[in-house]
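Trainee: Using the sequences and the hints given, assemble the complete structure.
According to this note's numbering, the sequence shown holds residues 1 to 180 in order.
Hints are computed from structural coordinates only; laboratory data are not their basis. Fair warning: this is a prediction, and the values are worked out from it, not measured in the lab. Where hints are given, some of them may not hold.
As the list claims (entries may be wrong) - Just the calculated beta-carbon pair ranges, DEER-fashion:
| hint | residue 1 | residue 2 | range |
| --- | --- | --- | --- |
| 1 | K153 | V71 | 24 to 34 Å |
| 2 | G134 | T92 | 14 to 24 Å |
| 3 | T65 | D94 | 17 to 27 Å |
| 4 | A64 | N110 | 39 to 49 Å |
| 5 | D94 | L68 | 15 to 25 Å |
| 6 | E149 | A90 | 38 to 48 Å |
| 7 | T111 | P89 | 38 to 48 Å |
| 8 | G66 | G88 | 21 to 31 Å |
| 9 | A74 | E43 | 35 to 45 Å |
| 10 | A74 | T167 | 33 to 43 Å |
Ideal placement from N, C-alpha and C gives every residue a C-beta, glycine not left out.
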Amino acid sequence: MKVLLISLALILANSCKSTSEKEAEQQGNTTETSMNMKEMCPEGGECTVEVRENATLTVADDEATGGLYSVIEAGNKTVVTYTYAKKGPAGTADGNYSETIQFELPEVTNTMSLSDSNLQDVQLLFGKQCYCKGEAGHYRVTNGSLKLEKTNKGIMMHLDFKVPEVTEQRVTSISRMISM
Numbered sequence: 001m002k003v004l005l006i007s008l009a010l011i012l013a014n015s016c017k018s019t020s021e022k023e024a025e026q027q028g029n030t031t032e033t034s035m036n037m038k039e040m041c042p043e044g045g046e047c048t049v050e051v052r053e054n055a056t057l058t059v060a061d062d063e064a065t066g067g068l069y070s071v072i073e074a075g076n077k078t079v080v081t082y083t084y085a086k087k088g089p090a091g092t093a094d095g096n097y098s099e100t101i102q103f104e105l106p107e108v109t110n111t112m113s114l115s116d117s118n119l120q121d122v123q124l125l126f127g128k129q130c131y132c133k134g135e136a137g138h139y140r141v142t143n144g145s146l147k148l149e150k151t152n153k154g155i156m157m158h159l160d161f162k163v164p165e166v167t168e169q170r171v172t173s174i175s176r177m178i179s180m
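Mentor: Next up, the structure:
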C-alpha cells in the first residue's frame with residue numbers, strides 16, 4: 001500500500017507544471033535567464049533578465065498617486081526587464097528589496113547608442129520596490145548611456161545610468177549578453 005501511495009505521489013508531482021511554466025507557454029516568446037554571478041549582480045541579491053518578443057512597453061501615469069507604472073502588451077518590439085532582488089531578513093514582513101530596469105527594442109536593431117534624454121526613445125524605466133518612503137516607485141531614466149550591439153548570440157547590452165530622484169540605487173551599470 002505504501003509503495004502504491006508513494007508511486008502515485010511521484011507521478012502526480014512529475015506531471016504537474018508550475019504556474020510560471022504555463023505562463024511562459026501562453027506568452028510564447030518569453031525568455032528568462034537567472035544569474036547569481038557576483039561580478040554581474042550587486043552583492044547579496046539575485047539578478048534575472050526577462051526578454052519578451054512581440055511586445056511593447058508603455059509608461060503610464062497614475063493620476064491618483066502621481067506616480068508612473070509600466071504596462072507590457074502585445075506589439076512589434078522586444079521588451080527587456082532586468083531585475084535585482086534581495087530578500088529581507090528572516091521574520092520581517094516588508095524587508096525585501098528589488099530594482100527593475102525596463103526598456104523596449106525596436107523590431108530591427110543592429111547597433112544603437114543613446115544617452116541622457118534620448119534614453120526615452122526606448123522607454124527606459126527604473127523601478128524601486130521596497131519599504132522606503134518617498135523613493136519606492138518608477139522613474140524615467142534620463143541620465144546615462146545605453147549601447148546595444150546585435151551579434152549572432154543575441155544583443156550585447158551596456159547600460160550606465162543614475163536616477164537623481166533616488167538616494168540609494170544599487171544597480172547603476174549592466175553589461176551582459178541578452179539571448180534572443
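Trainee: Taking the hints in turn, state whether each one holds.
Mentor: Checked hints:
1. K153 with V71: 24 to 34 Å: holds, 30 Å
2. G134 with T92: 14 to 24 Å: holds, 20 Å
3. T65 with D94: 17 to 27 Å: holds, 18 Å
4. A64 with N110: 39 to 49 Å: Cβ of A64 to Cβ of N110: about 41 Å, so the range 39 to 49 Å holds.
5. D94 with L68: 15 to 25 Å: holds, 21 Å
6. E149 with A90: 38 to 48 Å: Because 42 Å falls inside the window, the suggested range holds.
7. T111 with P89: 38 to 48 Å: Hint holds: Cβ distance 44 Å, inside 38 to 48 Å.
8. G66 with G88: 21 to 31 Å: holds, 27 Å
9. A74 with E43: 35 to 45 Å: holds, 37 Å
10. A74 with T167: 33 to 43 Å: holds, 37 Å
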